[in-house]
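Use these hints to put chain B onto chain A, whose structure you have.
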Amino acid sequence: MPDVLSVIDRFRPAGAALVLAAVLGFASPLAALSPTRVPSPKAERITMDVGDEPGRISTEEVTIKSGPFARQMVFFRSNEAPGTIVIHTSEKFLYLVMPNNRALRYGIGVGREGFQWSGLVKVTRKAEWPDWTPPPEMITRQPYLPRFMAGGPGNPMGARAMYLGSTVYRIHGTNQPETIGQAISSGCFRLANGDVVDLYPRVPVGTKVVIRHAAQI
Amino acid sequence: MASKGGGMMARYAAGVAVVVLAGGLAGCMTEKASLPSSSSPVAGGAYQTIPSDGLVGRWGLASYRDEKDRARTTAMARSQCRNAYVIKKGPTDGVMMHVADDPKLYELALKRSGDGKTYLGFAAPPGDRQDREVLEMSSNEMTMRFVDPDANTRYGTFIYVRC
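These protein sequences, in sequence, are chains A and B.
Okay, so the first sequence: first residue is 1 according to UniProt numbering, each after it adds one.
Okay, so the second sequence: first residue is 1 according to UniProt numbering, each after it adds one.
Just chain A, same shape as in the assembly (with noise of 0.2 Å):
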């Protein structure tokens, strides 16, 4: 893991619109939170919808090595609490907030146009290799998909799952690493499986989880 200099470094080429970002977006305070798009019964259908392929392997191995999008420990300025997780699906990164203004950040897939949204939950479940359903509009693509996958490498909830409140939403892997640092899910926050299983226990049940949806700075 490197340390904060090499770190600050690294992040030199974001330039000071991540810090001002930071600075500016996620010190404020929870209660100023407004979902700009709230968990519906339509997308609770399509989650894991577009982009979530099962045929396609991706090992617990597997990280994100390089680039803004791989893991790595970020100056981060933040009202939050260590531990804490904050995301941030404009930027693509998830932030789990360390003490001394830092965060350990990691690069993730978002939800698509239309299916970002913000808020403050809790993380409620956790599970390692969860089990898939396809939803029934990828099934009428796709009719040789099993109904129900348990989990496995195949299986593109990934590696581990963290379950988000009472929503249908997740952060977990993925069998397509190559899709993080883009808005291809349904809603649903995914990181390679390497990534998300150094999160997964960093990240106890209880876990407060703030998701924010800024416009780009």
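Do not rely on the hints blindly, as some may be mistaken.
Claimed, not checked - Heads up, simulated DMTMM-like pairs for lysine to aspartate or glutamate below, C-alpha to C-alpha not over 20 Å straight-line: (1) K104(B) with E137(A); (2) K68(B) with D131(A); (3) K89(B) with D53(B); (4) K68(B) with E128(A).
Unchecked claim - Just a sample of chain B residues kept apart from chain A, beta carbon distances all over 10 Å, derived: (5) D53; (6) T92; (7) D115; (8) G116; (9) K117; (10) D128.
Simulated from the structure, these hints should not be mistaken for laboratory data.
Glycine included, each C-beta is placed from N, C-alpha and C at the ideal position.
Leaving out everything else, chain B in the frame of chain A:
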């Protein structure tokens, strides 16, 4: 997939002439792990075909990879009848089903290999890469897996429970 599918169809059409499917259930598929009795060998004696009528119907379909997940996967398959996998009889006594990664339906046949294993697939020798191996079959439940190791790893073992 289209070209692959077309190739599959051509392959089936070329081979279907040698596939002889016995008619009727003839007491098949009534006991778990008791596969249908074979019909006469096909020309050349390479393999035998088996009546496939017992596959026709609506099935709850689910898959697993780890044996510890089998029981609950079977339960999940049983609960999937609202979105059932429908198997219809094919034009030449096979059944209309999908192969891996292809949304088109093809006529597939049950085949028995010399070592006693049963496969479901195109009119090719049993154990062909595009076949499914039939692990268990009864009137109400079937267990299959793809012969292709890659497809088997990705999709796992399929459990069909009759609706």
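Now for the hints, and whether the structure bears them out:
no.: 1; hint: K104(B) with E137(A); verdict: holds, 16 Å
no.: 2; hint: K68(B) with D131(A); verdict: holds, 13 Å
no.: 3; hint: K89(B) with D53(B); verdict: holds, 7 Å
no.: 4; hint: K68(B) with E128(A); verdict: holds, 14 Å
no.: 5; hint: D53; verdict: holds, 21 Å
no.: 6; hint: T92; verdict: holds, 21 Å
no.: 7; hint: D115; verdict: holds, 27 Å
no.: 8; hint: G116; verdict: holds, 27 Å
no.: 9; hint: K117; verdict: holds, 22 Å
no.: 10; hint: D128; verdict: holds, 17 Å
This entry satisfies every hint, going by the numbered hints stated previously.
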